[in-house]
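Undergrad: Once you've looked at the hints, dock chain B against the given chain A.
Protein chains in written order, with the working numbering: chain A, 1190 to 1455; chain B, 7 to 266.
Hints are computed from structural coordinates only; laboratory data are not their basis.
Heads up, the beta-carbon is just placed ideally off N, CA and C, and yes, glycines get one too.
No incorrect hints appear here.
No more than 25 Å apart at the CA atoms, straight line, and that leaves these computed lysine-lysine pairs for BS3-like:
#, chain 1, residue 1, chain 2, residue 2
1, B, K145, A, K1192
2, A, K1266, A, K1192
3, B, K139, A, K1209
4, A, K1267, B, K145
To give a feel for the contact side, a few chain A residues facing chain B, derived at Cβ under 7 Å:
#, residue
5, D1204
6, V1357
7, L1402
8, D1404
9, S1405
10, R1419
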Amino acid sequence: MGKLSDAIYEVHFMDTIASKDSPVHRVHPLVKLIVTIAYIWFTVSFGKYDVTGLITMVVYPVALFSLSGVSFGHSIKKLRVILPFVILMGILNPFFNREPRFLLYGLTVTNGMVSGLTLFIKGVLTVLGAYLLIATTRIESVCYALNLLHVPEILVTQILLTYRYITVLLSEANHIFEAYSLRAPFQKGVHYKVWGSLIGQLLFRSIDRATGLYDSMVLRGYNGNFRHSRLSAVRWQDFAYLFVWGAVFAVLRFTSLASLLGGLFV
Amino acid sequence: MSHHHIICSNVSFSYDKNAEILHDISFSAGHDDAIGIIGANGVGKSTLLRILVGLEMDFTGEVTVGEIKVTKKTLPRIREKIGYVFQDSENQLFMPTVYEDVAFAPRNYGLDAEQVDERVKHALDLIGIDYLKNKQPYKMSGGEKKLAAIATILAMTPDVILMDEPTIALDPRNRRRLINILNSLDHIKIIASHDLDMVLETCNRVLLMSGGRIIADGATREILTNKELLEANGLELPFCLQGDTGISYKPAVPHEHIHL
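The shape of chain A in the complex, shown without the other chains (with noise of 0.2 Å):
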């Protein structure tokens, strides 16, 4: 079951680059997780046509890809997960929307081929913008963030201990699987027929280690608020990074700064 070992190492890996040392990695993560809601919404909040005003929001992941050390390869090869869903978002868009729009070496393209580029570019754009979030931030201060944020605690809980225990679940359904292709060498993947039941023990053992853990919680003074650990005071440079951001995006979102560009050297 190599692919279950891939995503043990993947979620280890992310842990890794989240814990690297760069002036992103050192940003507040209340900043980061500000700016990074403000990205993803001034990027959705662009006109269904507006494929140029668009591609000047490839500015944030560039500057951060290369002021955090993230590696840019590493983050396509995880795009390519969940590249179909969005390309899926788009692509009835040129069959309903056939209105022409402009003509591209004698080709004609449609109002429909414009806003399924439009949406495909807005779903790499946001997805790269929330990637860069986790892959330079570690998990318990984005919580922290969130709570600072006000977010309901459940939802807060709910996803550090998901992400603390998804390896220890992979690793379950890892040890499942290897005792079985042990006895089934001959198999290449396992028999539908015996689906049920080792989805069902993976269910059980899920159940076990949360009562087991949810033990370990009360035993530990836990009455239903999770505490999280305080982390330094926003500095001016947090301040300087939210501004500069947030002021590169209303530019880029409110003025039309290809066509002014393009205007410069035309």
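TA: Frame of chain A; chain B shown alone:
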């Protein structure tokens, strides 16, 4: 005021009326006690520990910890006094780093950030794992996880430490380290284990359980050297004592087949 910190009087427990797991358990533990609970698989050792911290509440009889009777209302006060180390450390280490995990209980008991930091440092120093402070639990070995799990309960400054099979899955070096740590802690300790050699080294008193009852309660040396009693209850003499009592060591491979 009683000199006993834990008093367990006529405790019986069952999930199902027809199958009693614990029957009429009575014992008490004082401030100098390090008690080993021993017995074959399924005799109720872990259940007894779970009752002491109120993880199982449907028992009959009475349990008091530090003069407080264990009831649903008193559980938060009881749990502040008792640190419970789970058999599976994976259940105990649920935070992203060891520091966060050790800080979990002090934060829940309302300590400020400075006091929490002090408690965490002290607990990690006591166990000698300061170097693991920022490590993620999944990157740690079984031995490191066990030591971190002990640190998480020491940060609560409990009066009593309960441990369920603490040496399970530990290599000899980590097991030795754990024994040394246990001997250095002057808390009341109650340890459920099959590792009789560890019990011999860390406990001054033993409760031998069988069929949900306490069969014997006495000095560790006295019980763990009683071959007949141990064997009648599904156990053996500790390995370190087996040579002295005529049980000969039989190598899996005859000596003549070993070529060095």
